[in-house]
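Protein chains in written order, with our numbering: chain A, 1 to 113; chain B, 1 to 114.
No lab work stands behind these hints, which were simulated from the structure alone. A couple of the hints might just be wrong.
To be verified - Each computed EDC-like pair below joins lysine to aspartate or glutamate, with the alpha-carbon atoms no more than 20 Å apart:
| no. | chain 1 | residue 1 | chain 2 | residue 2 |
| --- | --- | --- | --- | --- |
| 1 | A | Lys57 | B | Asp38 |
| 2 | A | Lys59 | A | Glu5 |
| 3 | A | Lys56 | B | Glu102 |
| 4 | A | Lys59 | A | Glu17 |
| 5 | B | Lys9 | B | Asp38 |
| 6 | B | Lys57 | B | Asp26 |
| 7 | A | Lys57 | A | Glu41 |
| 8 | B | Lys9 | A | Glu41 |
| 9 | A | Lys56 | A | Glu41 |
| 10 | B | Lys9 | A | Glu17 |
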Amino acid sequence: TQLLEQSPQFLSIQEGENLTVYCNSSSVFSSLQWYRQEPGEGPVLLVTVVTGGEVKKLKRLTFQFGDARKDSSLHITAAQPGDTGLYLCAATRLSGSARQLTFGSGTQLTVLP
Amino acid sequence: NAGVTQTPKFQVLKTGQSMTLQCAQDMNHNSMYWYRQDPGMGLRLIYYSASEGTTDKGEVPNGYNVSRLNKREFSLRLESAAPSQTSVYFCASSWRGSMNTEAFFGQGTRLTVV
């Protein structure tokens with residue numbers, strides 16, 4: 001069982017459509033991150049959300065952290081082919097005195113022109 | 001800016017062979033990580049090092065060993081490769097000081113074990 005469950009696993013939409021992807025957990029986190037990964041590359045950080053209920057906007061991307069800090073969503077408005085990629089949520093949890101950065105299974109987004 | 005550099009980028013091994021994946025970062029980060037990525041599984045943590053001189057197991061450590069050679073370098077060793085270790089391996093680094101710290105990734109090593 002993964003600590004972070006992402007849905008949907010795959011999403012294929014037409015250019016101009018809106019979409020939302022979700023990241024859920026039964027655990028409470030002090031913060032949660034969203035990364036985007038393109039083919040042949042490592043993930044790159046998009047945003048970190050810290051406060052329960054927080055909403056952050058990055059151009060056409062809107063990120064929300066749930067009030068209980070157990071879940072998060074990413075909404076893309078008017079998707080473009082350049083948004084195609086693997087979207088990963090991640091959270092840091094303490095393991096003893098060390099911090100583990102754990103990722104969800106990802107949502108593979110394809111935006112068709 | 002080099003960031004996180006992984007070598008090699010591609011590797012094919014025969015079952016039972018050994019190899020070491022190299023990772024170096026030039027950002028003066030304390031923490032370093034090794035992940036493997038398989039289709040539909042996201043990134044799974046193999047080992048991590050919170051600081052120079054310390055290493056800890058992640059979710060899937062079996063079949064791997066690591067060495068934090070110094071603050072810059074963190075290597076991953078496969079002693080006896082198995083087909084189940086066919087995967088893309090990513091090294092990452094981050095500041096230790098904050099729970100919100102950004103992780104920076106290398107470009108990955110695509111490993112095939114036949």
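Here's how the hints hold up against the structure:
1. Distance check on the hinted pair: A:Lys57 and B:Asp38 sit about 30 Å apart at the alpha-carbon level, beyond 20 Å; violated.
2. At roughly 25 Å between alpha-carbon atoms, A:Lys59 and A:Glu5 are farther apart than 20 Å, so this suggested pair is violated.
3. For the hint linking A:Lys56 to B:Glu102, the alpha-carbon distance of about 16 Å falls within 20 Å, and the restraint holds.
4. Distance hint between A:Lys59 and A:Glu17 is fulfilled; the C-alpha atoms sit about 15 Å from each other, no more than 20 Å.
5. A C-alpha spacing of about 16 Å is found between B:Lys9 and B:Asp38, which places the hinted pair at or below 20 Å, so the restraint holds.
6. Taking the CA atoms of B:Lys57 and B:Asp26, the gap is near 24 Å; set against the 20 Å cutoff, the hint is violated.
7. Proposed proximity of A:Lys57 and A:Glu41 is contradicted: the alpha carbons are some 24 Å apart, above 20 Å.
8. Distance hint between B:Lys9 and A:Glu41 is fulfilled; the C-alpha atoms sit about 11 Å from each other, no more than 20 Å.
9. Note on A:Lys56 and A:Glu41: the hinted pairing is violated, with a Cα-Cα distance of about 25 Å set against a maximum of 20 Å.
10. Pair hint B:Lys9 plus A:Glu17 does not hold up; C-alpha atoms about 36 Å apart against a cutoff of 20 Å.
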